[in-house]
Each structure stands twice: as structure tokens, then as C-alpha cells.
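Participant: Residues per chain are reported as follows:
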Amino acid sequence: AQSVTQLGSHVSVSEGALVLLRCNYSSSVPPYLFWYVQYPNQGLQLLLKYTTGATLVKGINGFEAEFKKSETSFHLTKPSAHMSDAAEYFCAVSDDGYNKLIFGAGTRLAVHP
Amino acid sequence: GAVVSQHPSRVICKSGTSVKIECRSLDFQATTMFWYRQFPKQSLMLMATSNEGSKATYEQGVEKDKFLINHASLTLSTLTVTSAHPEDSSFYICSASTGGNSPLHFGNGTRLTVT
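As you go down the protein sequences, you meet chains A and B in turn.
Using the numbering used here, read the first sequence as starting at 3 and increasing by one per residue.
Using the numbering used here, read the second sequence as starting at 33 and increasing by one per residue.
Think of the hints as simulated: they come from the structure by calculation, not from any bench.
The C-beta atom is built at its ideal place from N, Cα and C for all residues, glycine as well.
Some clues are possibly wrong.
Unchecked claim - Calculated pairs, SDA-like style, for lysine to any residue (alpha carbon to alpha carbon, straight line, at most 25 Å):
# : chain 1 : residue 1 : chain 2 : residue 2
1 : A       : K70       : A       : H114
2 : A       : K71       : A       : P81
3 : B       : K73       : A       : T54
4 : B       : K73       : A       : S28
5 : A       : K102      : B       : K46
What the hints assert, rightly or not - Label-pair ranges, simulated between beta-carbon atoms:
# : chain 1 : residue 1 : chain 2 : residue 2 : range
6 : A       : S30       : B       : I44       : 35 to 45 Å
7 : A       : E17       : B       : K98       : 41 to 51 Å
8 : B       : K87       : A       : N63       : 31 to 41 Å
As the list claims (entries may be wrong) - Incomplete in silico selection of chain B near chain A, CB under 8 Å:
#  : residue
9  : L58
10 : P72
11 : L78
12 : T130
13 : N133
Construct all of the structure, not just a fragment, from the sequences and the given hints.
Facilitator: As C-alpha cells, then:
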């Protein structure tokens, strides 16, 4: 069965600092991997996805993630945090494209001045 | 971009009553809609998949008689929590897709509190 583990339910960084949100997955088949962001009182918005091909995936708002099969990881990074990045971030895995996503528990990112 | 409207955003109801949550795709036709449930500090758990005009497919462990899903049109799916109990209190969120490998669009979620 597929599963997703997000290490750290809360991450706090200073504005301008590196953002690193960790995600590890388990899947018996080549996975589709996703990162979503949820701002307060809003729906989930797709940040980026990995399907096949290049393992370094660039998304919106300066975020990127690297698929590392050997480590079963798909960590999300951003070189320089902005105050507007404060939100809840969800990693998700699927073996069926966008259908039947399995989500991690989420990581709340706080950005302080 | 594609917008999914979910209503209500918050609802409080008494134990034993039923609550209906609506999920509408405002500017696209959603052949498939998904319903998720999220407990505090936990993952979004897929409850069911609904395709327009057919019965919903429920995930293991989800009571189909308690969580009634209707997807009567290409722009509307509803989730009815019947005879709600305090343990049904949760955050319910829907997503919609035009099918195939198209991306999901999420609603803003509904916070249900059963007293």
C-alpha cells in the first residue's frame, strides 16, 4: 500500500532563509508525486508534480522538489522564504495519475521576519 | 483558472441530524469528483470517488449509507452526512477533475461540528 510521511508538522524559518519540507513515500509501483499548498480558508493548490523524466521538478512561486528513488523521497525546497509562503503544505502520492491521491499529514510553514 | 466552490464553509449541527455539503465546479465540467476527510493534524483521507451519473465508489471503511454522495450533474456533487454524530466532526474537502490525467481542483473545505 502507498503511504506518505511528512517529517515535521511545523517548520519555522526566517524570511530569506532556505525552506526545506521533507516528504518520504512508499509505493510498490513508480509513483506520481505531488506537492500542494493550502492557504488559510482556501482550497489546495498544486505547487508541482513529478510523473516521469527529469527528477528535479520546478513549480510555482519558486519552489522545486527532487525525486530520489533510492531514498524514496520528494523533498520540497525554496532558496529564499517569503512571508507569503506561510501556509500548510501537503505531499501526496498516487499510482494512478491524479486519481486516488494519498496525502501526508501536512507541514505548517511559518515565516518570521 | 478552474474554480471549485464548496458550501458551506462551516456548519454546526446537532447529533442525529443530517448535513448536506455541496461541491460545484464553476467554470468547467467535472466528470469526476473526490471527497476527502481530514481530522486535526492528520492526512486528507479519500472517502469516495464519484462520477457523473453513476454511483460513487467508496473507500474501504467508509459507510456508504452514512455518507451519501450524489453527482447528478457535471458541475455539482453533494455529500450528505446522515444522522451525524460527534465523531463525524471533521474537515471535509472535495476536488474535481475533468477526468483522465487532468489535474485536480480543490474546494475550500467544510468544517463540520456535531454537538
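Participant: If you test the structure against every hint from before, which numbers come out violated?
Facilitator: Violated hints (numbers, rising): 1, 3, 5, 9, 10, 12; every other hint is consistent with the structure.
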